[in-house]
Amino acid sequence: MDYDLFLRYGPSLLRGFGMTILCWAAGTALGMLIGFLLALARRLPIPGLSWVLRAYIEVVRGTPFLVQLFLLYSGGPFIGIRLDATTAGIVGLGIYGSAYFAEIFRGGFAAVPKGYVEAAESLALPPGAILRRVVVPTMLISILPALVNMMIILTKETVVLSILTVPELMYEAQTMAAETFAAFETIFVMALFYWLLVEVVSRLGRRAERKLTSHLTQKAGAVS
Amino acid sequence: MTDVTASPIAGSSPEDRPMITISHLSKSFGETQVLKDINLTVHKSEVVCLIGPSGSGKSTLLRCLNFLESYEAGEVRMEGRLVGYTEGFPRRKMKNRELRALRREVGMVFQHFNLWPHMTAMENVREALVQVKGLPLEEATAKAEAMLTRVGLADRMHAHPSRLSGGQQQRVAIARVVAMEPHVILFDEPTSALDPELVGEVLQVMKDLAADGMTMVVVTHEMGFAANVADRVAFLDGGHIVEDGPPRQVFHESSEPRVRQFLQTYHERNSF
Ligand SMILES: Nc1ncnc2c1ncn2[C@@H]1O[C@H](COP(=O)(O)OP(=O)(O)OP(=O)(O)O)[C@@H](O)[C@H]1O
Ligand SMILES: [Mg+2]
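Sequence lines, in order, name chains A and B.
Position one of the first sequence corresponds to residue 0 (numbering that gives the first Met the number 0), numbered consecutively onward.
Position one of the second sequence corresponds to residue 0 (numbering that gives the first Met the number 0), numbered consecutively onward.
By construction, these hints were calculated from the structure, which means they are not laboratory data.
Positions of the beta carbon are idealized from the N, C-alpha and C atoms, including for glycine.
It is possible that some hints are incorrect.
Stated by the list, open to error - Here are the in silico distance ranges between beta carbons for each label pair: (1) 213/A <-> 226/B: 41 to 47 angstroms; (2) 210/B <-> 141/A: 54 to 60 angstroms; (3) 136/B <-> 109/A: 29 to 35 angstroms; (4) 148/B <-> 194/A: 50 to 56 angstroms.
Next up, chain B with everything else stripped away, as it sits in the complex (with noise of 0.2 angstroms):
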């Protein structure tokens, strides 16, 4: 007897697997819809940019793949399980330990980091080793110390958020994310509030993990990492997604003039 002819799903490689699949996706803060029938499908490795202006939506959309925020009409599936919600009808909220299993799987860095400030970069990035992964204390902070080197702050490790700079800063909690293993990685404008002489430590790292095949959505204004690092660049406008393909596309063969219109503005501010 062998695996391959017990396995269902023989044939289907996992690089083709979807990741995440968005579909039918709509999102209302009050009367205000957000997000309006989102379709939007990450594979394995793929690295997925989400630009667009301000207020269209990006961090909402992000939020809604690990159910930092909830959503009231179409699905989002991580690896094929619906993302917040019980399947079936009528749906109910998943229970916390489920969501919990879920989000295990989903790593988030934020626009301005969340690091613990009580706690060293070390003991940010061995927490979660220990609460959720349950690993015993010096294996944790072994791992996290290999993580912090991983970043290049090996000689930082015992600081504390607050004598970090803003891109140690975010390198920590990068660590912190990756530490935890996860499949997919969500960024929300990771560089947005650091100083331009330090983004481009944070994009490094970044570059990194792309390399070794983590699939990543990064909401970002960094118009050179979308074009350079992204398989996948999504436009947002307005709650829908205006424009998705490869970066090529998007940056210099769209027919929308939305994203043109973006994209011009986003030049004419980066020129001087």
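Chain A extracted, bound-state conformation (with noise of 0.2 angstroms):
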């Protein structure tokens, strides 16, 4: 291997792979918080709304990111839309993220239990608080697992960003293997950055669902 490629493309791949975690993470947030709105909405007793929204999903669901990538940056300007590659890149993977998300909070609100919903009602908790309280760090437990797979799926729906000229990590290492020719390098370096990137994300995750099931898995001799 050619260490000194590494000196010399360093910078530019550990930029990309900034680039990437903040495209990942924007662009993750945004799914997330599209898809429990649309999960959220979806459970309004308006007629027809779920089914447009089921719609939406099962449509996001069934075409290619890369697809909708280029009609969101591409098609964009025809209805007045212009974003600039990263802005589109995030918006994107939002977009694509979010039926999927959407579909895990249905999931999670289905899975909890009736009986902590009507105990909150009864007691005249309003609806927000019922939310926030009950709802969602019961149905968090078993929904978590999903969504930290997700956010995984989605780091790696990033390289897809390097079609738009995203600066990032894809886009970089592609512009070091085409000025180099060193194509094994490249891709070994790559694939460390992606794998750094999910081994971190997924070691969260382990600790968050750790920290969620605490009161569940205690040791008996933890208490008394």
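Put the complex together from the two separate chains, hints included.
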């Protein structure tokens, strides 16, 4: 391996990695937010609304991310949406993720035992408090693994942003490969970076899971 | 000027004012009518037990009282206020805000406790004190702790529900309700999910509440509790109130064959 290469391209690869993290974090946050609102809205007793939102989810899940991204970036200006590459990438990632997150949250809502909500309602808790204090904390426990899984999938979907020339890791790596013809080294560093991100995300996920379920799995000796 | 002359209801003591009035209440799930023309009045400080075979509509009736279940005909009134609907015709469901105002006066204890698993016993009791009554956190905490002490759980306050026995969980659930100072408490088979040796501790808490003058409607299979604590027992079968009277009358003098059949089955099952 040509270590000299890493010295020369290190800074741009690191910058690309930073950009990847930024796009991933912002896109994931946006996707979770939209997904949560979608799942919430589908529970409203408004005729037809649930159907429309389901159609949105099916369309987003049924088309390749690459196509969606092109539509947003190249087709957007035709309907007055003009985004720079990075913003388009983040918004696109958010839209793409939102459909999957919406389904995860929908399952989460459905899995909250009815009795918890009825207890809260019979105590006259306002709907917002029931959502924040009872429903979301109980459903997080059951959906956390699925949420982390989706976050991990999205880390890897960020590579698609390179075709919009977002200067993220894939883009920088391609530049490096094109300039140096060092295909193996390039792929090697890229794999390492993505693996690192995934590893951090899944570790944080496991830690959050442990924290959320600590009250269910306390050792008998730890209480009295 | 005195209050007495100004009072429009001078002469009627609060003791005979009906707490709950159920008149011509009917309720269906789809095609099946589950409650049929129910009439029942519960006065202040009364303990009324609802008994009857499985599927007779006891839970449904109880859940109509705080509108966890809607009903399509007849009416339920809590301290004169129509439950779940606005006055007038055609009737419309009341706003969530009004329903909540009504539910503040009506507590409910469930068969499966329904404690929130991510909160400790104390946090379970404190939650509505903060979110509904708007008490400052410290005051709410002190009150929650006092309530838990009252039901004998001073040493288990900071345990999560999963670390409590069924009897302890149900006592937390009762404390959670009583802390809100409701005017009525509805109990839906509060001891049915408990191991036999834990039933007594929960019934004792309920007896104490009754002795304090709490108005209670209790769906139960504990005939001993009904016989000793209830002022009145109502027997439901097939969505009808078949018999309604003092426990003595219902348990010993009923001429209604369905009641006698039910009690006989009960006695056979509970003697060995
Ligand atoms: N949500 C529902 N949807 C449809 N049918 C229901 C529903 N809840 C209750 N029922 C039906 O209504 C009838 C009365 O049920 P309910 O739970 O009130 O009986 P119960 O007297 O409380 O019985 P148990 O002693 O078993 O608790 C039953 O036939 C039941 O199957
Ligand atoms: Mg029942």
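Hints versus structure:
{"no.": "1", "hint": "213/A <-> 226/B: 41 to 47 angstroms", "verdict": "holds (45 angstroms)"}
{"no.": "2", "hint": "210/B <-> 141/A: 54 to 60 angstroms", "verdict": "violated (42 angstroms)"}
{"no.": "3", "hint": "136/B <-> 109/A: 29 to 35 angstroms", "verdict": "holds (32 angstroms)"}
{"no.": "4", "hint": "148/B <-> 194/A: 50 to 56 angstroms", "verdict": "holds (54 angstroms)"}
The structure is inconsistent with hint 2 alone, although it conforms to all the rest.
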